Amino acid sequence: AQRVTQPEKLLSVFKGAPVELKCNYSYSGSPELFWYVQYSRQRLQLLLRHISRESIKGFTADLNKGETSFHLKKPFAQEEDSAMYYCALSGGSNYKLTFGKGTLLTVNP
Amino acid sequence: DAGITQSPRHKVTETGTPVTLRCHQTENHRYMYWYRQDPGHGLRLIHYSYGVKDTDKGEVSDGYSVSRSKTEDFLLTLESATSSQTSVYFCAIEGQDSYEQYFGPGTRLTVT
Chain A
1 AQRVTQPEKL LSVFKGAPVE LKCNYSYSGS PELFWYVQYS RQRLQLLLRH
51 ISRESIKGFT ADLNKGETSF HLKKPFAQEE DSAMYYCALS GGSNYKLTFG
101 KGTLLTVNP
Chain B
1 DAGITQSPRH KVTETGTPVT LRCHQTENHR YMYWYRQDPG HGLRLIHYSY
51 GVKDTDKGEV SDGYSVSRSK TEDFLLTLES ATSSQTSVYF CAIEGQDSYE
101 QYFGPGTRLT VT
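Line by line, the protein sequences are chains A and B.
Just so you know, we're using the working numbering here: the first sequence kicks off at 1 and counts up by one.
Just so you know, we're using the working numbering here: the second sequence kicks off at 1 and counts up by one.
Okay, chain A solo, but in the shape it has when bound (with noise of 0.2 Å):
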């Protein structure tokens, strides 16, 4: 069975302070992983897929495979980053997504 667990549900920083959101998962193969992004009310977007190592809006993730972990990074944080993240893995068939139960970023001034 495949599980990710984000152990925070809530996380608050200040502006311009480094952020880190983390994301652990269970999986026997190998995973996709991915973090997607809700701010208020809208749909869920894409943030980052990890086979990419892109850099979106100054995110990172990095897979570790030992520790089974994709944490979310930002060495500053702006208010504009204010959501709820989703940490999600895709493995076995038919491409389902399992979700976390998501960590809510808020962003102080």
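Each hint should be verified, as a subset may be incorrect.
[Said to hold, decoys possible] If we take Cβ atoms under 7 Å as the criterion, some of the chain A residues that face chain B in the derived model are:
{"hint": "1", "residue": "Ser30"}
{"hint": "2", "residue": "Glu32"}
{"hint": "3", "residue": "Arg43"}
{"hint": "4", "residue": "Leu44"}
{"hint": "5", "residue": "Leu47"}
{"hint": "6", "residue": "Lys73"}
{"hint": "7", "residue": "Asn94"}
{"hint": "8", "residue": "Tyr95"}
{"hint": "9", "residue": "Leu97"}
{"hint": "10", "residue": "Phe99"}
{"hint": "11", "residue": "Gly100"}
{"hint": "12", "residue": "Lys101"}
{"hint": "13", "residue": "Gly102"}
[What the hints assert, rightly or not] A few chain A residues that don't get close to chain B, going by computed Cβ distances all over 10 Å:
{"hint": "14", "residue": "Gly29"}
{"hint": "15", "residue": "Asp62"}
{"hint": "16", "residue": "Leu63"}
{"hint": "17", "residue": "Glu67"}
{"hint": "18", "residue": "Phe76"}
{"hint": "19", "residue": "Glu80"}
{"hint": "20", "residue": "Asn108"}
These are calculated hints, taken from the structure and not from any lab test.
Owing to the predicted nature of the structure, the values given are computational and were not obtained by experimental measurement.
Note that the Cβ used here is the ideal one computed from N, Cα and C, for glycine as well.
Starting from the known structure of chain A, arrange chain B on it as the hints suggest.
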């Protein structure tokens, strides 16, 4: 927005009534998915489709049925709505290489 729309966007209905939500895509993608989003639960897969007339259950399928008679439309039906089905429902389609998904704008359903 990847050519995916949902209707209606908001609906209030009474317990015991049938409700159908529609997801429409213009991308001609094979895979389509229905999720529900609830505080403290994140997104959970209800049903998905891997082609016309080909559907399968997800994690929380009880009380829901789906149909896909055309590539572009994926319907989610609550046969007899209950208050526990009050939620925000998101439809998604596969992305360019199938592993990622693109989401619709969501339908906010309230069952009174």
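Broken hints, by number: Hint check: 1, 5 and 6 fail, others pass.
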